[in-house]
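Enquirer: This is what each chain is made of:
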Amino acid sequence: MLLINNLHLIRSNKIIFNNINIAASSGKIILIKGRNGSGKTTLIKTILNIIEPTNGEIFWLGKRTKTNIFKFYKDTTYIIDKSTSVNNLTVLENIYFWKNFSSSAVSHDSIYKLLEILELKEYLNKQVMYLSLGEIKKLELIRLIIEEKKLWIMDEPYNNLDTNSIEIFNQTFSDHLNKGGIILFSSHFQPNIIGLEVILVN
Amino acid sequence: MKLIKKIFYFFVREFKISFKNLNDLFSNVLFFFLAIFVFVFAIGPDKQALNTFGIGIIWSLLLLSSTLSLRRFFQDDFNNDALIVIHMGGLSYELIVILKIISHFVFVKLPFLIAIPIASTLVHIDYNKIILLLISFIIGSLILSCLGSISAAMNLLNKRNFALGSLIVMIFSIPMIIFSVAVVNDEENFSSLINILIGLFLIFFAISPWVSAACIRLALSNK
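Just so you know, the protein sequences line up as chains E and P, in that order. Residues in the first sequence are numbered consecutively from 134, following this note's numbering. Residues in the second sequence are numbered consecutively from 17, following this note's numbering.
Think of the hints as simulated: they come from the structure by calculation, not from any bench. Predicted model, so just to flag it, every value in this text is computed and none were measured. Keep in mind that the hints are not guaranteed to be accurate.
Lysine-lysine pairs mimicking DSS-like chemistry, simulated, CA-CA at most 27 Å apart [unchecked claim]:
id, chain 1, residue 1, chain 2, residue 2
1, P, Lys32, E, Lys232
2, P, Lys239, E, Lys147
3, P, Lys63, P, Lys175
4, E, Lys147, P, Lys175
5, E, Lys166, E, Lys232
6, E, Lys204, P, Lys145
7, P, Lys18, P, Lys32
8, E, Lys199, P, Lys22
9, E, Lys215, E, Lys199
10, E, Lys204, P, Lys18
DEER-style ranges, computed between Cβ atoms [unchecked claim]:
id, chain 1, residue 1, chain 2, residue 2, range
11, P, Phe31, E, His241, 21 to 29 Å
12, E, Leu225, P, Leu84, 26 to 34 Å
13, P, Phe42, E, Lys215, 23 to 31 Å
Even for Gly, the Cβ is constructed at its ideal location relative to N, Cα and C.
Okay, chain E solo, but in the shape it has when bound:
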């Protein structure tokens, strides 16, 4: 479904990455692994067409993403290693913005349940700027469940999370894979997930 063919990126005469090939079908989980500053985020941004590659092609459902970008985005949730929430709005206001914006069919009850599992329920009416880094990360990852898309692309999803939350998210990832979803994520360490395919970036 997602096919990346011979992707190269050269910036200021420096090779950031070359010869990246990825083929991901339903139920596949791929880790982009590399040291700090090795170009993991740049590779993810290139896959998402935010950065133009020097060479190579990306296909989603058999169509070139460059010319069908919104068809690709329609099936993709991108979790950034930053807080995309508005700092002086409350947790609930931010969640409902993403829910309404993506016309999500997730019910109110399941959102509340989710917040309870992630131990965010007591912060519902708190402004995002007062949350800790881990809580902000959890708030970001909630977008995965709200948007209900097939392809999840994540940049360092495990940063700032405690072991308990990591377990919850690993469970969420395997549920998504069982439903036929695809996950592509970057990390500098390798989590314990069955069937994980690793792509090294140097």
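Based on the hints, put chain P in the right spot on chain E.
Expert: Below, chain P alone, put in the same frame as chain E:
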């Protein structure tokens, strides 16, 4: 239908952000009033002089105070990458720029509609001229919002010198200042002058989404 819904919720978000940042708006309006006071004290109590220069002073200060609010145009959404997520939600960068221009006009500029009549009384402007001033302000501030989007988007590429963006707005707003002041002072040619002003707005409204979106794309890929 989904697109209209997305646009609606985008505006709701912009409204909430502006509402939470009311002090920004307040400081803009305060700057405008304080600057008017400075002019009134500098020129002195001569009613005739105030009446002659009043429109020019008000328009220059509106321009200056509009450059103060440019920082909030794209910067926050750019810094935390919310622009990318909103774009991935199905709005093209050009459409995002248009929506931002409209929301900037509504949430930052329109409150000046209340401030201008009060300021006009301070510089002894006639009642019928105030109405003309408000009409010229509505069109002029739309032009300023368009220019503001270009300058704010260009500033995303420029991390050091923030004053540069404000300079761009000032240079390109000279034609706008000429015609908006003329609309108020030259009542006989009102309709032709207002048509020129609307024409200027349409030119900038046609250009700014493309230019701003190109700058945003470039800035995001160089981040």
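Enquirer: For each hint, tell me whether it holds in the structure or not.
Expert: Hint check results:
no., hint, result
1, Lys32/P with Lys232/E, "holds, 16 Å"
2, Lys239/P with Lys147/E, "holds, 16 Å"
3, Lys63/P with Lys175/P, "violated, 45 Å"
4, Lys147/E with Lys175/P, "holds, 23 Å"
5, Lys166/E with Lys232/E, "violated, 31 Å"
6, Lys204/E with Lys145/P, "violated, 53 Å"
7, Lys18/P with Lys32/P, "holds, 21 Å"
8, Lys199/E with Lys22/P, "holds, 23 Å"
9, Lys215/E with Lys199/E, "holds, 25 Å"
10, Lys204/E with Lys18/P, "holds, 15 Å"
11, Phe31/P with His241/E: 21 to 29 Å, "holds, 22 Å"
12, Leu225/E with Leu84/P: 26 to 34 Å, "holds, 32 Å"
13, Phe42/P with Lys215/E: 23 to 31 Å, "holds, 29 Å"
Consistency note: the structure conflicts with the earlier hints numbered 3, 5 and 6.
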